[in-house]
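So the protein sequences, as listed, match chains H and C.
Each residue of the first sequence is one higher than the last, beginning at 71 in this note's numbering.
Each residue of the second sequence is one higher than the last, beginning at 71 in this note's numbering.
Because the hints were derived from the structure by calculation, they are not lab data.
Computed from a predicted model, the values in this text were never measured in an experiment.
Heads up, a few of these hints could be off.
[To be verified] EDC-like, lysine to aspartate or glutamate: derived pairs with alpha carbons at most 16 Å apart:
#  : chain 1 : residue 1 : chain 2 : residue 2
1  : C       : K321      : H       : E320
2  : H       : K75       : C       : D79
3  : H       : K389      : H       : E127
4  : H       : K75       : C       : E80
5  : C       : K194      : C       : D292
6  : C       : K75       : H       : E82
7  : C       : K474      : C       : E159
8  : H       : K75       : C       : D142
9  : H       : K160      : C       : D142
10 : H       : K75       : C       : E82
11 : H       : K321      : C       : E80
12 : C       : K350      : C       : E82
13 : H       : K75       : H       : E320
14 : C       : K75       : H       : D79
15 : H       : K235      : C       : D493
16 : H       : K321      : C       : D79
17 : C       : K321      : H       : E127
[Unchecked claim] Among the chain C residues that face chain H by a calculated CB cut under 7 Å, a handful are:
#  : residue
18 : T73
19 : H74
20 : L77
21 : K145
22 : L146
23 : P177
24 : Q236
25 : Y239
26 : S246
27 : F374
28 : V440
29 : A443
30 : G447
31 : M489
32 : L496
Ideal placement from N, C-alpha and C gives every residue a C-beta, glycine not left out.
Number of protein chains: 2
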Amino acid sequence: MVTHKYLLDESEMPRSWYNVQADLKPAIDPALHPGTKQPAGPGDFAPLFPMELIKQEVSRERWIEIPDQIQDIYKLWRPTPLYRAHNLEKALGTPARIFYKYEGVSPAGSHKPNTAVAQAYYNKQEGTKRITTETGAGQWGSALAFACHNMGIECKVYMVSASYKQKPYRKSMMESWGATVVASPSRDTQAGRNVLAANPESPGSLGIAISEAVEDAAKRDDTKYSLGSVLNHVLMHQTVIGQEAIKQMEKANAYPDMVIGCVGGGSSFGGIVFPFVPDKLAGKKIRFIAVEPEACPSLTRGKFAYDFGDTAGMTPLIKMYTLGHTFVPNPIHAGGLRYHGMAPLISQMVKEKLVEARAYHQTKVFEAAVQFARTEGIIPAPEPSHAIRAAIDEALACKKTGEKKNILFLLCGHGHFDMSAYDNYLTGKMVDYAYPEEEVRKAMAAIPAV
Amino acid sequence: MVTHKYLLDESEMPRSWYNVQADLKPAIDPALHPGTKQPAGPGDFAPLFPMELIKQEVSRERWIEIPDQIQDIYKLWRPTPLYRAHNLEKALGTPARIFYKYEGVSPAGSHKPNTAVAQAYYNKQEGTKRITTETGAGQWGSALAFACHNMGIECKVYMVSASYKQKPYRKSMMESWGATVVASPSRDTQAGRNVLAANPESPGSLGIAISEAVEDAAKRDDTKYSLGSVLNHVLMHQTVIGQEAIKQMEKANAYPDMVIGCVGGGSSFGGIVFPFVPDKLAGKKIRFIAVEPEACPSLTRGKFAYDFGDTAGMTPLIKMYTLGHTFVPNPIHAGGLRYHGMAPLISQMVKEKLVEARAYHQTKVFEAAVQFARTEGIIPAPEPSHAIRAAIDEALACKKTGEKKNILFLLCGHGHFDMSAYDNYLTGKMVDYAYPEEEVRKAMAAIPAV
Chain H
71 MVTHKYLLDE SEMPRSWYNV QADLKPAIDP ALHPGTKQPA GPGDFAPLFP
121 MELIKQEVSR ERWIEIPDQI QDIYKLWRPT PLYRAHNLEK ALGTPARIFY
171 KYEGVSPAGS HKPNTAVAQA YYNKQEGTKR ITTETGAGQW GSALAFACHN
221 MGIECKVYMV SASYKQKPYR KSMMESWGAT VVASPSRDTQ AGRNVLAANP
271 ESPGSLGIAI SEAVEDAAKR DDTKYSLGSV LNHVLMHQTV IGQEAIKQME
321 KANAYPDMVI GCVGGGSSFG GIVFPFVPDK LAGKKIRFIA VEPEACPSLT
371 RGKFAYDFGD TAGMTPLIKM YTLGHTFVPN PIHAGGLRYH GMAPLISQMV
421 KEKLVEARAY HQTKVFEAAV QFARTEGIIP APEPSHAIRA AIDEALACKK
471 TGEKKNILFL LCGHGHFDMS AYDNYLTGKM VDYAYPEEEV RKAMAAIPAV
Chain C
71 MVTHKYLLDE SEMPRSWYNV QADLKPAIDP ALHPGTKQPA GPGDFAPLFP
121 MELIKQEVSR ERWIEIPDQI QDIYKLWRPT PLYRAHNLEK ALGTPARIFY
171 KYEGVSPAGS HKPNTAVAQA YYNKQEGTKR ITTETGAGQW GSALAFACHN
221 MGIECKVYMV SASYKQKPYR KSMMESWGAT VVASPSRDTQ AGRNVLAANP
271 ESPGSLGIAI SEAVEDAAKR DDTKYSLGSV LNHVLMHQTV IGQEAIKQME
321 KANAYPDMVI GCVGGGSSFG GIVFPFVPDK LAGKKIRFIA VEPEACPSLT
371 RGKFAYDFGD TAGMTPLIKM YTLGHTFVPN PIHAGGLRYH GMAPLISQMV
421 KEKLVEARAY HQTKVFEAAV QFARTEGIIP APEPSHAIRA AIDEALACKK
471 TGEKKNILFL LCGHGHFDMS AYDNYLTGKM VDYAYPEEEV RKAMAAIPAV
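Isolated chain H (complex conformation):
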């Protein structure tokens, strides 16, 4: 008889978010105004975000208390379980111990509601009646739809048109939670109408959808905009994950030799890793491994530079690893990892060698996903399957050396809405994309000079 799960009681939930900016040296470079290229002030962000979130974005306070109302909504799915992957270990024949923290138990099926609920809360506090956002595959849009409904805020989601047509179930999920969803480009904004005028059949893109959501929020006093990753406050809200994991690893009597997570914008990775950072800064031996797709390798092949957060170049400039804001990644199944840049906080840690990065092709990722599903029973989303791939490779390395390392990875979401990707893999139709050398070269050339 073995123990599979390490659970926490609601009374053991973290009371504060951990702000890694308090401990990170050197500090990250400030965001710059896209026009003046001077450090952006609170006033520059005020049309889009409530003041409390703007404060959190630049705060150096180590702990920021989680309000009771947010805690009460977190309790619908938090604390989340931490599992020991006994069956996977056995299948691999590894002496390593593999643990994973599972965020797929949330309403939207991923870690995204951790920040969606917080963002909706602070917007409510400051009188926001309506929030706009963009969504690609729908993971972030559904999290925000859920959070807004809970706070009594209207939610408008601009969903990339191609996904809107291909993934009607995510749209139905957002609508079930009361959100209004339109295919982007839409006729609801000038940005959308401009695109449609040029190409009535445009499949849309995340860049266009951001432009629409931002324009919508900027032109209405009752409306703010919300982002699901990249920004400091977003990553901070996710630190409930790592704080819980620390307590659960203690219950398992195991300190991780390494913590592994996938990276797109970086929010789930920040969530699991940041709470372990003080240990590492204090000299403890622990590795942090960020795993990205070969098709969009910002950390392993990108440039550390100021660049725009969006494709259209409307956002402030942020210092990060980037492939260039005009880079359009190939259509891999891990839609959540198709982002040209990376959270400034994660970028800085890679720069400072606190975090290692590696990249995998998607067929190797799905091989790991299927092995995990067959042994551990959970069908993982394509994004965290990148972390599974790395965890399996590390466990196999231990098999060779005989080391009994403790491997912790984050399973940030389930794959119930990604079964077509599994079908693609199982029928042998999945392709790996060669690294788009030329496209990246062009996109990097378009990174603005600062």
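Following the hints, complete the assembly by docking chain C onto the known chain H.
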């Protein structure tokens, strides 16, 4: 600050299944051989089931120990959480307290793996190399696929052709777990070929798929057949649900005034209700409410009689509430409740007035499902949404009377693979089917005389 979840530790998991046959008086009538119409003996079942399951089917032992190997697989998702639906209560403005036990955390997303794992285990013990089964929407097939892979048994699923085409994601899920899935009618069996000869475009039916799975198992020595509901041993394996719920309600300091569940074949309902039966037999005031669809109302409009378990009339005759084995229900979204009969154990309890039954139309059911999703965050499957409807109605009744009743219902699965049904409801396209008086009359006339 409120408490949402009542969790158990793995050490608090039930060690045995509870066999309600030990306490139920009068006992249920025996199954009859379909040819001789005499009580069927173990030998009649031996070609299809391993002997241990045949023994469990007729056992009067009150407790049957759960083997360690089954417990270890159960631990991948068990114990499952029990929630207090604070947000739903608030939205309803009811003084009642609403609790729900949630089985959607299992690999397949429902309660089905509780018996799939047990059945695969006993088959493995007796040398079975391969198991066949039928599946409609795919919930049962995916549970068995998962269980067989864990036990190293081949799994062949005959999936109703219409579903095979309409629900490719459930098929991909079964294949991800290593099962072979064919559309039924198939060319792999005589039964399938006969149907295809008559109609090459046949959309299939659960009845046809059962015939194929049974024929396949009967003609191969290495192969057995597995059923996901109706039978006594199947319901017994589900009693881990109710046993956990009893402990969790104790932690919540609340004894249920009523336990509510949906009924198709009856396995999830038996799972949550049976462990509470001894209390009721001992005089404790507790109601058991079985909720079925108006489109397939076996308990509320059926006849208590011996009838076949399958449409084709190949199985033993069992005593149950039935609409007639030839009855084909209208295509409601709750595919798991489209069964003409009902588990003999549940039927007997309805007959003895231990269990109440009621029926709802699907639009009222989805109204409840959406209200639940918006308040509690979990998107429920269409089947348990019948139980949610009844729980809400009971809570609203308490609002009128001011009674602070404790309502417990079973949320036996999530609706992640049912979003098209939500879309159907949210766009106003969902229809309710009038009770098919004439079809039921005809089907009842075809119930065999015994």
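To see whether the hints hold, each was checked on the structure:
For the given pair, K321 of chain C sits about 25 Å from E320 of chain H by alpha-carbon distance, which is inconsistent with the 16 Å threshold. As the CA atoms of K75 of chain H and D79 of chain C are separated by approximately 9 Å, the hinted pair is consistent with the 16 Å bound. Proposed proximity of K389 of chain H and E127 of chain H is supported: the alpha carbons are some 14 Å apart, at most 16 Å. For the suggested pair K75 of chain H and E80 of chain C, the alpha carbons sit about 8 Å apart, so the restraint of at most 16 Å is met.
With a C-alpha separation of about 11 Å, the suggested pair K194 of chain C and D292 of chain C falls inside the 16 Å cut-off, and the hint holds. Between K75 of chain C and E82 of chain H the CA atoms are separated by roughly 13 Å; this keeps the pair inside 16 Å, and the hint holds. Taking the CA atoms of K474 of chain C and E159 of chain C, the gap is near 11 Å; set against the 16 Å cutoff, the hint holds. Proposed proximity of K75 of chain H and D142 of chain C is supported: the alpha carbons are some 11 Å apart, at most 16 Å.
For the hint linking K160 of chain H to D142 of chain C, the alpha-carbon distance of about 13 Å falls within 16 Å, and the restraint holds. For the suggested pair K75 of chain H and E82 of chain C, the alpha carbons sit about 13 Å apart, so the restraint of at most 16 Å is met. Our distance criterion of 16 Å between C-alpha atoms is met by K321 of chain H and E80 of chain C, whose separation comes to about 13 Å. The hinted pair formed by K350 of chain C and E82 of chain C fails the criterion: a straight-line CA distance of about 24 Å is larger than 16 Å.
Taken as a hint, the K75 of chain H and E320 of chain H pair is honoured in the structure, with Cα atoms around 13 Å apart against an allowance of 16 Å. Straight-line distance between C-alpha atoms of K75 of chain C and D79 of chain H comes to about 9 Å, which keeps the hinted pair within the 16 Å bound. Only pairs whose Cα atoms come within 16 Å are accepted, and K235 of chain H paired with D493 of chain C is accepted, the gap being roughly 13 Å. Taking the CA atoms of K321 of chain H and D79 of chain C, the gap is near 12 Å; set against the 16 Å cutoff, the hint holds.
Proposed proximity of K321 of chain C and E127 of chain H is contradicted: the alpha carbons are some 41 Å apart, above 16 Å. Given hint, T73 of chain C at the interface with chain H, holds; its Cβ is 6 Å from that chain's nearest Cβ, closer than 7 Å. Annotation: interface hint on H74 of chain C holds; nearest CB of chain H at approximately 4 Å, less than 7 Å. For L77 of chain C, the interface hint holds, the least distance from its beta-carbon to any beta-carbon of chain H being 6 Å, beneath 7 Å.
Checking K145 of chain C against chain H: minimum C-beta separation of about 4 Å stays under 7 Å; hint holds. Interface hint at L146 of chain C: satisfied, since its Cβ lies 5 Å from the closest Cβ of chain H, which is below the 7 Å cut-off. For P177 of chain C, the suggested interface contact is upheld, since its CB lies about 4 Å from the closest CB of chain H, less than 7 Å. The restraint placing Q236 of chain C at the interface with chain H is violated, with a minimum CB-CB distance near 13 Å, outside the 7 Å limit.
For Y239 of chain C, the suggested interface contact is upheld, since its CB lies about 4 Å from the closest CB of chain H, less than 7 Å. Interface hint at S246 of chain C: satisfied, since its Cβ lies 5 Å from the closest Cβ of chain H, which is below the 7 Å cut-off. The closest approach between the C-beta of F374 of chain C and any C-beta of chain H is roughly 39 Å, which is over the 7 Å cut-off, so the hint fails. Given the 7 Å rule on beta carbons, the hint for V440 of chain C holds: about 6 Å separates it from the nearest Cβ of chain H.
With its C-beta approaching chain H no nearer than about 5 Å, A443 of chain C sits inside the 7 Å limit, and its interface hint holds. Nearest Cβ of chain H to the Cβ of G447 of chain C: about 4 Å, under the 7 Å cut. The hint holds. Interface hint status for M489 of chain C: upheld, as the beta-carbon distance to the closest one in chain H is roughly 4 Å, under 7 Å. Given the 7 Å rule on beta carbons, the hint for L496 of chain C holds: about 5 Å separates it from the nearest Cβ of chain H.
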